[in-house]
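Q: Given chain Y, work out where chain L should sit, using these hints.
First to last, the sequence lines map onto chains Y and L.
For the first sequence, position 251 matches number 251 in our numbering, and the numbering has no gaps at all.
For the second sequence, position 20 matches number 20 in our numbering, and the numbering has no gaps at all.
Simulated from the structure, these hints should not be mistaken for lab results.
Just so we're clear, the structure is a prediction, and the values are computed from it rather than from any experiment.
Be aware that a few hints might be false.
No more than 30 Å apart at the CA atoms, straight line, and that leaves these computed lysine-lysine pairs for DSSO-like [claimed, not checked]:
1. L:169 / Y:159
2. Y:183 / L:78
3. L:78 / Y:159
4. L:129 / Y:85
5. Y:85 / L:78
6. Y:159 / L:129
7. L:117 / Y:159
8. Y:33 / L:183
Negatives, chain L to chain Y, calculated, CB over 12 Å [as the list claims (entries may be wrong)]:
9. 96
10. 104
11. 121
12. 123
Short, incomplete list of chain Y residues facing chain L, as computed with Cβ under 8 Å [to be verified]:
13. 39
14. 154
15. 158
16. 177
A virtual CB, placed ideally from N, CA and C, is assigned to each residue, including glycine.
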Amino acid sequence: MSRYKKENQTLHTSLVTLSPIEYRHDDPDGRLKTISDTLEYQAKLSVNDPAKQIVQCCPAVHMARLQIIDNVIPEMGQHPPDSLKSKYLLFVAEVDGSVDDFLDALYNGESDPFDWANEEDNRRAHADFVHNVWGQCIGYPEDRGCVFFRQYMHRCRIKVRLPFAAYNYTVAEIHEARDIQVKFADFVEANQGLGPDELFSRWQTFVEEYDPFASTGHLSLKKGLLRGDHHSISRKSLVESHMLTSSSDDRPPIDRGQ
Amino acid sequence: MAAPPLEIRGQAYPMTAFSPVPRSRRWILSILMWVFSRKYFTLQFARNLMFIHFACWQPVRSDRFPRLSEDQPEEELKNDYFLFTTNFNGSWDQYIDAFGLIRKVRTGLNAIWFTSKGFPGPWPIRPFKRYIHYFEYELDYYYNAYPSLSVRDIVSATTLGNGLDDFVKQTRDIDSPGLFFDKYHSFLSNSASYLGGTRSEDVRHRHLHHVHARPRGLQL
Chain Y
1 MSRYKKENQT LHTSLVTLSP IEYRHDDPDG RLKTISDTLE YQAKLSVNDP AKQIVQCCPA
61 VHMARLQIID NVIPEMGQHP PDSLKSKYLL FVAEVDGSVD DFLDALYNGE SDPFDWANEE
121 DNRRAHADFV HNVWGQCIGY PEDRGCVFFR QYMHRCRIKV RLPFAAYNYT VAEIHEARDI
181 QVKFADFVEA NQGLGPDELF SRWQTFVEEY DPFASTGHLS LKKGLLRGDH HSISRKSLVE
241 SHMLTSSSDD RPPIDRGQ
Chain L
1 MAAPPLEIRG QAYPMTAFSP VPRSRRWILS ILMWVFSRKY FTLQFARNLM FIHFACWQPV
61 RSDRFPRLSE DQPEEELKND YFLFTTNFNG SWDQYIDAFG LIRKVRTGLN AIWFTSKGFP
121 GPWPIRPFKR YIHYFEYELD YYYNAYPSLS VRDIVSATTL GNGLDDFVKQ TRDIDSPGLF
181 FDKYHSFLSN SASYLGGTRS EDVRHRHLHH VHARPRGLQL
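Isolated chain L (complex conformation):
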C-alpha cells in the first residue's frame, strides 16, 4: 500500500532505513553497538556536523520481531535487520553527501554499517546513495515540535539565552548609562552571530517542505 506523499513543515527531514545484516555478523554488531554506546565514545563525528537533531541505530534480530498472539505466524527471516532513523536539516542529498565527503563521518559510518549486507561504503558516493535509497522506507506521519528550527538555530538560541542571563545579572546594578552603553555594545558584538535570521517576522514565515517519500522496493 503506497502512502501519500508526506508534507513536512520546516527544516528537519526524517529518514528511516532498514537494512539486512547476516546473522553470522550479529555478534560483531552487538560489540560495535556496545562500544559506540559507551560514555567515552561521544559520537563526536555526528555532533560536529550540526545538522542531525536525533538519530538511532539499532539491530533488530530476526527472532525478536514482536509476536503478540498465538495466531500471528512466526517470522522466518534469513537475516537480522539494522534500523536507522534520523532527523536532519537540509535535503536528503546534502545529508548523504556529508556522510560520504567528510572523512571522520565516513570512518564512523563505515564502522557502524559495515556489517550490513551489500554496504558499499560511504565513498564513492553514488553507490552509497543508491544503497540508502534502496533500503529507505516511506513515512506515513511525521511530527516536529519546532519545525522552523535547525540544530544551529537551537544551539544559537540557547547559547544566547545563557549569555543574556549573565549580561542581565552583570548589569542589573549599573546606574550609569555610559557604563551600561559600553557593556551592552560589548555583549552585542560577542553575540551578533547568534542573532541571524531571528526577527519575529522571519519566525512567523515558516516554510513548508514537500517531501515525496521514496518508493518502496526501488529496483536498481
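Chain Y extracted, bound-state conformation:
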C-alpha cells in the first residue's frame, strides 16, 4: 500500500464564511478598523515573523484568506448599481479533517508539548485574535468561548457547492514528504560516483538515521527531525473524525478523482 495514497475518502474541507461587520457608514464603534488593523498586523507577521501568525498554529490549515467585502462590484453599466447595505468579512480556509476541530484550534491555539511556559499566552493570543476579528462582527455572542465561536461560524457558513483540490494529502503529510525528498536528494548528491561497497554502507546509515521500519513500516523521519512533528495528524484519525461528522454535514465531497 502506498504511503501517500489517493483515496476517495476526502480529508479536506473547504470552509467559507461571510460575517456581517457593520451597516453604518461611519463605522462609529471602530469595528471595521479593529478588524482591518488586526489583519494588517497578521499580514506583516506573515513576512517578518511567520511562526507567530495565529493561523500558523492551526496545523490542519493548508491555505486561508480573510478579506473585507465592503461592497459588491456592480455589473458594468448597471444603473442603479447593486450595493450591499452591510460590509462583510469573507473567510475561506482549506482544512484537514473537521471544521469544528479547526475552529477549536483557531480559538484555543494548539498546545505545544515542548513549550508549556507559553501555553497560556498562546491561548490568550488566539482568543484575542478571534475577538478582534469575528468578535467585531454583527451577531457575535457576548460570551467568550470556543463553543460560541463555533456556533457563530456555522451561522455564517456558506455551503460550498463546487470545491476542488489538486491533491489529497494532509499538511503534515506534505511537509513529511518534502523533508524526505530533500534528505534523499542530499544523499544522492553527496554520494555520487561511489562504488558498491561504500554506497551500500552509506545507504544503510541513511536508512537507519530515518528510523525506517517503525510501526508504520514506512521510511519516516525520526521524531524531532520532522517539521511540526508534534502537530502531525494521522490520516486514520482524520478519516475517522470525518466519518463521525459527515453524517450531520451535507457538504459534497471534494472532487479528487483517482
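A: Structure of chain L alone, referenced to chain Y:
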C-alpha cells in the same frame, strides 16, 4: 477602505472574484453546480493544469447573505453573486492566460461561468482578463502552510515518498553491495525527475512575492 498591498511568501497566489449572476439564471447555475459536483465529473481540466492547489466555485443568493441581527438591514440586491476563490502557482497573467488558451479549460470555464452577467468567455483573452480584473477583490490576509511548494513539488514529493518506501522494502534484505548498487541506480534513474530543485539549500531560500492586490471597482 483600501487595504495595504499584501506580501505573499512563496509560490501560491490567491484570487477572489465575486461576479453578478441574474436571478433568472439561478436554477441553471444550481443544475450546473450539481452536475459538476458529481463524483463522475472530476474537474479533470483543472487537475491537468497542475498549478491550482485549491479552488471553490459557489453561488451566493441575493437573499442568503447572512443576516444575524434584527438591526442589520436586509440586503436588496438585484442579482445573485458567484464567488470564485482559487490558490494557484505563478503570476495572475499566466493563470488567466492558461484559462483562455487551453481548450479543455476554456470549455470547462465557459460551462461554469456563462451564467455570470457580462461574461465575455475566456477567448479572446483581453476582455476575459478585464472581466476577471474588474470583479476581483483585494486580500487583507493570506496564509499558506507550505509557501515554497508548487502543486508539482507536492506531487513529486509524495510520488517519490511512495517510491522510496517501496525501494526500502525491496532492498532491506539485500546483503550484496553489487546487487544493491544496481537496484539503487535503477531506482535513481526512475526517480530523477522527482528530485529537481530539492536540495536543502534551495528549500531554505524561500522567495517572497510582493502582491499588490488589484484596486476595487476598477473603471474600464
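Q: Confirm or reject each hint.
A: Hints versus structure:
For the hint linking residue 169 (chain L) to residue 159 (chain Y), the alpha-carbon distance of about 44 Å lies beyond 30 Å, and the restraint is violated. The straight-line distance between the Cα atoms of residue 183 (chain Y) and residue 78 (chain L) is roughly 57 Å, outside the 30 Å bound, and the hint therefore fails. Distance restraint check for residue 78 (chain L) and residue 159 (chain Y): the Cα-Cα separation of roughly 21 Å lies within the 30 Å cut-off, and the hinted pair is therefore satisfied. Our distance criterion of 30 Å between C-alpha atoms is met by residue 129 (chain L) and residue 85 (chain Y), whose separation comes to about 29 Å.
For a cut-off of 30 Å, the pair hint linking residue 85 (chain Y) to residue 78 (chain L) stands: about 13 Å separates their Cα positions. Of the pairs offered as hints, the one joining residue 159 (chain Y) and residue 129 (chain L) holds, with about 28 Å between alpha carbons and a cut-off of 30 Å not exceeded. With a C-alpha separation of about 22 Å, the suggested pairing of residue 117 (chain L) with residue 159 (chain Y) holds against the 30 Å cut-off. Our distance criterion of 30 Å between C-alpha atoms is broken by residue 33 (chain Y) and residue 183 (chain L), whose separation comes to about 62 Å.
Every C-beta of chain Y lies more than 12 Å from that of residue 96 (chain L), the closest at about 17 Å, which supports listing it as non-interface. The claim that residue 104 (chain L) lies off the interface holds: its Cβ sits roughly 14 Å from the closest Cβ of chain Y, which is beyond the 12 Å cut-off. Under the 12 Å C-beta cut-off, the non-interface status given to residue 121 (chain L) relative to chain Y holds; the minimum distance is some 15 Å. Taking the minimum C-beta to C-beta distance to chain Y, about 19 Å, the non-interface status of residue 123 (chain L) holds against the 12 Å cut.
Using the Cβ-Cβ criterion of 8 Å, the hint placing residue 39 (chain Y) at the interface with chain L is satisfied: the shortest such distance is roughly 4 Å. Interface hint at residue 154 (chain Y): violated, since its Cβ lies 11 Å from the closest Cβ of chain L, which is beyond the 8 Å cut-off. Because the smallest distance between the Cβ of residue 158 (chain Y) and any Cβ of chain L comes to about 6 Å, under 8 Å, the interface hint for this residue holds. The closest approach between the C-beta of residue 177 (chain Y) and any C-beta of chain L is roughly 4 Å, which is under the 8 Å cut-off, so the hint is satisfied.
The structure does not agree with the numbered hints 1, 2, 8 and 14 stated previously, though it agrees with the rest.
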